[in-house]
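Listed here are the chains, written in short residue letters.
There are 2 protein chains.
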Amino acid sequence: MTADQGTARDLARLSINQETVKQWSLPELAEGCTALGIGSVGLWRAPVQEYGVRDAAALMREHGLAVTSLCRGGFFTASDPARRAEALADNRAAIDEAAMLGTDTLVLVSGGLSEGERDIAAARERVADAIGALVPYAAEHGVRLAIEPLHPMFASDRCVVSTLGQALDIAERFAPEHVGVVVDTYHLWWDDRAEAGIARAGGSGRIASFQVADWVTPLPEGVLLGRGQLGDGCVDLRGLRVRADEAGYRGQVEVEIFNPGLWARDGAEVLAEVADRYRRHVL
Amino acid sequence: MTADQGTARDLARLSINQETVKQWSLPELAEGCTALGIGSVGLWRAPVQEYGVRDAAALMREHGLAVTSLCRGGFFTASDPARRAEALADNRAAIDEAAMLGTDTLVLVSGGLSEGERDIAAARERVADAIGALVPYAAEHGVRLAIEPLHPMFASDRCVVSTLGQALDIAERFAPEHVGVVVDTYHLWWDDRAEAGIARAGGSGRIASFQVADWVTPLPEGVLLGRGQLGDGCVDLRGLRVRADEAGYRGQVEVEIFNPGLWARDGAEVLAEVADRYRRHVL
Numbered sequence: 001m002t003a004d005q006g007t008a009r010d011l012a013r014l015s016i017n018q019e020t021v022k023q024w025s026l027p028e029l030a031e032g033c034t035a036l037g038i039g040s041v042g043l044w045r046a047p048v049q050e051y052g053v054r055d056a057a058a059l060m061r062e063h064g065l066a067v068t069s070l071c072r073g074g075f076f077t078a079s080d081p082a083r084r085a086e087a088l089a090d091n092r093a094a095i096d097e098a099a100m101l102g103t104d105t106l107v108l109v110s111g112g113l114s115e116g117e118r119d120i121a122a123a124r125e126r127v128a129d130a131i132g133a134l135v136p137y138a139a140e141h142g143v144r145l146a147i148e149p150l151h152p153m154f155a156s157d158r159c160v161v162s163t164l165g166q167a168l169d170i171a172e173r174f175a176p177e178h179v180g181v182v183v184d185t186y187h188l189w190w191d192d193r194a195e196a197g198i199a200r201a202g203g204s205g206r207i208a209s210f211q212v213a214d215w216v217t218p219l220p221e222g223v224l225l226g227r228g229q230l231g232d233g234c235v236d237l238r239g240l241r242v243r244a245d246e247a248g249y250r251g252q253v254e255v256e257i258f259n260p261g262l263w264a265r266d267g268a269e270v271l272a273e274v275a276d277r278y279r280r281h282v283l
Numbered sequence: 001m002t003a004d005q006g007t008a009r010d011l012a013r014l015s016i017n018q019e020t021v022k023q024w025s026l027p028e029l030a031e032g033c034t035a036l037g038i039g040s041v042g043l044w045r046a047p048v049q050e051y052g053v054r055d056a057a058a059l060m061r062e063h064g065l066a067v068t069s070l071c072r073g074g075f076f077t078a079s080d081p082a083r084r085a086e087a088l089a090d091n092r093a094a095i096d097e098a099a100m101l102g103t104d105t106l107v108l109v110s111g112g113l114s115e116g117e118r119d120i121a122a123a124r125e126r127v128a129d130a131i132g133a134l135v136p137y138a139a140e141h142g143v144r145l146a147i148e149p150l151h152p153m154f155a156s157d158r159c160v161v162s163t164l165g166q167a168l169d170i171a172e173r174f175a176p177e178h179v180g181v182v183v184d185t186y187h188l189w190w191d192d193r194a195e196a197g198i199a200r201a202g203g204s205g206r207i208a209s210f211q212v213a214d215w216v217t218p219l220p221e222g223v224l225l226g227r228g229q230l231g232d233g234c235v236d237l238r239g240l241r242v243r244a245d246e247a248g249y250r251g252q253v254e255v256e257i258f259n260p261g262l263w264a265r266d267g268a269e270v271l272a273e274v275a276d277r278y279r280r281h282v283l
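Here the protein sequences line up with chains P and G, keeping their order. Numbering-wise (UniProt numbering), the first sequence opens with residue 1 and increments by one. Numbering-wise (UniProt numbering), the second sequence opens with residue 1 and increments by one.
Here chain P stands alone, though its shape is the one from the complex (with noise of 0.2 Å):
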C-alpha cells in the first residue's frame, strides 16, 4: 500500500461541509475536495441557488462527489398562521433541492421563539406539527428530514431543540426512515446524557448526519461563528464519533466549521488542515 491509498483510504469518510471552506465557490470546492482524495460534501442552499441548482447538482458528479447533507430546512416555529405557510412553502423548496443534488438529508435547524414568547416547550410542539406537515412531501421526494439539535446557547433565537433526547421526542413520532437526527459533536459534547442519546439514535437508525467541531473559548458576539478547528478545543471528538459507529452508525463524518479564522485563510491549506486534523482527532 502507498501513502496516498492509506490517505484516500483514511478520508474515505470524510464530507466537507462547504461552509468550512466558505472562502471556496462551488467550483473550487469540488475541485478541492477531488485533489485531497475527499469524496463527500454538505451544501448549503443559498450558495447553491446562486449557482443553479441543477448546475450544482451536475458539478458534484462530474466530480464524484456524493452530498451527505443539505443545510438547511427548519425556521417553523412561527405561531401566526400566514408566516407558518410560508416557512412550511419554503422547506418544501428545500426537499425539491434535496432531492435534485442527490442528497437523501435535509437538516433541519428548527428555529427560535415567536416575538415575546415565553413557552419554549409550546414552540417546540411547533416543530413536531411542522415536521408532521413535511413528512408525506419529504418521503415521496426520497429525503429524511434531520432534526439537528442546537446547543442550548441558540435556544431562544435559532433552535428550540437544544438536546439529542428533544430531537428523538420529535423524530420518534415518525417513522425512521422519514424522520432521523443530526448529531454535532458542537452541540452536544457538554451533555451527560449524549451518549445515551446516541445509542438511543443509533439503534433505531436514526442518526442522518454525524458532523464535528471542537468547542473552543471565548466565544464571539453572537456566538454563532465561534466554532474551534478539530484539535483545537474540548470536545472528545473521537469518542463521539466511536460511541455513534457503536451504535450502528456506517455514514460519513461530515466536517462543518464557521470561523472566520479558517475563512481569512487559503482554502486549500484549510482543507489540507481539515484532512490532518480528522486523522489525529477523529478517525
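FYI, nobody ran anything at the bench for these hints, they're computed from the structure.
Here are the simulated distance ranges between beta carbons:
hint : chain 1 : residue 1 : chain 2 : residue 2 : range
1    : G       : 37        : P       : 242       : 54 to 60 Å
2    : P       : 273       : G       : 31        : 57 to 63 Å
3    : P       : 79        : G       : 196       : 21 to 27 Å
4    : P       : 62        : G       : 122       : 44 to 50 Å
5    : P       : 280       : G       : 276       : 51 to 57 Å
Part of the chain G face toward chain P, derived, beta carbon under 7 Å:
hint : residue
6    : 155
7    : 190
8    : 234
9    : 236
Quick caveat: nothing in here was measured; it's all calculated off a predicted structure. For each residue, glycine too, the CB sits at the ideal point set by N, CA and C.
Once you've looked at the hints, dock chain G against the given chain P.
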C-alpha cells in the same frame, strides 16, 4: 392597607444580588435597599473583602439586611494537586467569610476543564470530590454549599456542571443540610428537565437559592455579561418561581443580573426598575 404597605409586602421575598447594581458601593447598596423596603441582599467576595468582611457584616446588620448568599466558592476542578489544594484553601476562606456575614449559603461555581482536558465527566467527578473534602468544614461553620449549574455555554471554561440534574446528582451524595443547589432561571430556562429538577430539589429541601435573570440575545462576546433585566427576555420567570414554591421552596428570590447597560445607569433608578419588574414578572 396603604400603598406603601402593599409595596413592602410585595417585596418581602426580594433579594438584590449586589452585582445587579455593581455601580454601587456596599453602603450605597445597603441604603438603597433599605429605602425601597428590600430586606435582603446577595453579596460577592471581592467587593466584600475590599470593604472588609467584618465591616460589611456590621453594615448589613445595622441596616437590618439579611444576606441570602455569598458568591462564590468553587473553581475546584484543577487536577494538579497543588492547584487543587489552593482551591480548597480558598473555599475554606469563602466559608469563613460566609459565616462572618451571617449567610448560610455559599454559592459554588464549580470551574471548567483543565488545560487540554477533553473528559468532562472526569472533571465533574473532581467537583464531587472537592465538595466532599469541604463538607465537614462548611458544616462546622453552619454554611451550606450550594452547587450552581451554569448554562452549558459555560461548560468548558467556568462550570462543568450544566444542568440541575447534574447538580443534584452531586448534591445527593451528601446530606441536604450540607449541600444544596442554586436554581437560576438564566441558566436553566431552556431545559425541558428543569421543572422535574426543581421538584426533585424542592422535595429533598435542596433549593439553597433561587435566582432570577432574563435571557436576551444577541449574546455579547464572552457571553458572561449578557443577562437581561426581568421581563426583557423570553424566560417564564413567574412559571419557574411558582414551580419552586410548589416544590416547597420558601426562601428569597435573588435578582442577579450582569449587564453593563444597567451598570451605566443611576443605581437607585435601576433598583426601582428591578423592584417593578419583579412585581410584574416574578411575583
